[in-house]
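Q: Sequence:
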Amino acid sequence: MSPAMQPAEVQFAQRLASSEKGVRDRAVRKLRQYLSVKTQSETGGFSQEELLKIWKGLFYCMWVQDEPLLQVTQPLCRVPGPLARW
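Using this note's numbering, the letters of the sequence shown map in sequence onto residues -5 to 80.
None of these hints come from the bench; they were simulated from the model. All values reported here derive from a predicted model rather than from experimental measurement. Where hints are given, some of them may not hold.
[Claimed, not checked] Using C-beta positions, here's what the derived DEER-type ranges look like:
(1) Gln0 - Gly39: 11 to 21 Å
(2) Thr37 - Lys15: 32 to 42 Å
(3) Gln0 - Pro69: 20 to 30 Å
(4) Cys71 - Gly16: 13 to 23 Å
(5) Lys50 - Ser30: 19 to 29 Å
(6) Glu36 - Ser13: 29 to 39 Å
(7) Thr67 - Thr37: 31 to 41 Å
(8) Lys50 - Gln27: 15 to 25 Å
(9) Gln59 - Gln0: 15 to 25 Å
(10) Trp57 - Glu36: 27 to 37 Å
(11) Glu36 - Val58: 31 to 41 Å
(12) Glu14 - Arg72: 17 to 27 Å
(13) Phe40 - Met(-1): 13 to 23 Å
[Stated by the list, open to error] The list that follows gives simulated cross-link-like pairs (lysine to aspartate or glutamate, DMTMM-like), each with its CA atoms no further than 20 Å apart:
(14) Lys24 - Glu44
(15) Lys32 - Glu44
(16) Lys47 - Asp19
(17) Lys24 - Glu14
(18) Lys32 - Glu43
(19) Lys50 - Asp19
(20) Lys50 - Glu14
Glycine included, C-beta positions come from ideal geometry on N, C-alpha and C.
Produce the complete structure using the sequences and hints provided.
A: Next comes the structure, spelled out in structure tokens:
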């Protein structure tokens, strides 16, 4: 399946698991925006499967990180903020 045809959650998971730090950092920033928009829309919300894909991406983002743990966890801890309203 081409990248444009994949669901957004799969694309985020792939970018979060990238071996390139810049790609991961951009994915974290965009994921936070995506979560805000999707949870605020009237038809929004996530299925369990969609959340699982995002969670796997976040897990691998932590797994492949090349910085001290604290520097990576602080931005990642801010990602679920939009989900608190959901």
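Q: Hints first: check each against the structure and report whether it holds.
A: Comparing the hints with the structure gives:
1. Taking 11 to 21 Å as the suggested C-beta distance range, the pair Gln0 and Gly39 conforms, at roughly 20 Å.
2. Taking the beta carbon of each, Thr37 and Lys15 are about 35 Å apart, inside 32 to 42 Å as hinted.
3. Between Gln0 and Pro69, the C-beta spacing of about 24 Å keeps the proposed range 20 to 30 Å intact.
4. Here the CB-CB span from Cys71 to Gly16 is close to 20 Å, well matched to the stated 13 to 23 Å.
5. Between Lys50 and Ser30 the CB atoms are about 21 Å apart, so this pair conforms to the stated range of 19 to 29 Å.
6. Evaluation of the 29 to 39 Å hint for Glu36 and Ser13 yields a pass: the beta carbon distance comes to about 38 Å.
7. Between Thr67 and Thr37 the beta carbon distance is about 32 Å. The supplied range of 31 to 41 Å therefore holds.
8. Range check, Lys50 to Gln27: Cβ separation about 20 Å, and the 15 to 25 Å hint holds.
9. A beta carbon spacing of about 24 Å between Gln59 and Gln0 agrees with the range 15 to 25 Å that was offered as a hint.
10. For Trp57 and Glu36, the Cβ-Cβ distance of about 36 Å falls inside the hinted range of 27 to 37 Å, so the restraint holds.
11. Remark: the range hint 31 to 41 Å for Glu36 to Val58 is upheld by a beta-carbon distance near 36 Å.
12. Here the CB-CB span from Glu14 to Arg72 is close to 21 Å, well matched to the stated 17 to 27 Å.
13. At about 20 Å, the CB distance of Phe40 to Met(-1) agrees with the hint of 13 to 23 Å.
14. Pair hint Lys24 plus Glu44 holds up; C-alpha atoms about 16 Å apart against a cutoff of 20 Å.
15. At most 20 Å may separate the alpha-carbon atoms for a hinted pair to count; Lys32 and Glu44 meet this at roughly 12 Å.
16. Distance hint between Lys47 and Asp19 is fulfilled; the C-alpha atoms sit about 18 Å from each other, no more than 20 Å.
17. Restraint check: the Cα-Cα separation between Lys24 and Glu14 comes to about 16 Å, which is no more than 20 Å; the hinted pair holds.
18. Between Lys32 and Glu43 the alpha-carbon distance is near 15 Å, which keeps this suggested pair within the 20 Å criterion.
19. As the CA atoms of Lys50 and Asp19 are separated by approximately 16 Å, the hinted pair is consistent with the 20 Å bound.
20. Between Lys50 and Glu14, the direct Cα distance comes to roughly 17 Å. Compliance with the 20 Å bound is thereby established for this hinted pair.
Hint check: no violations occur; every hint is consistent with the structure.
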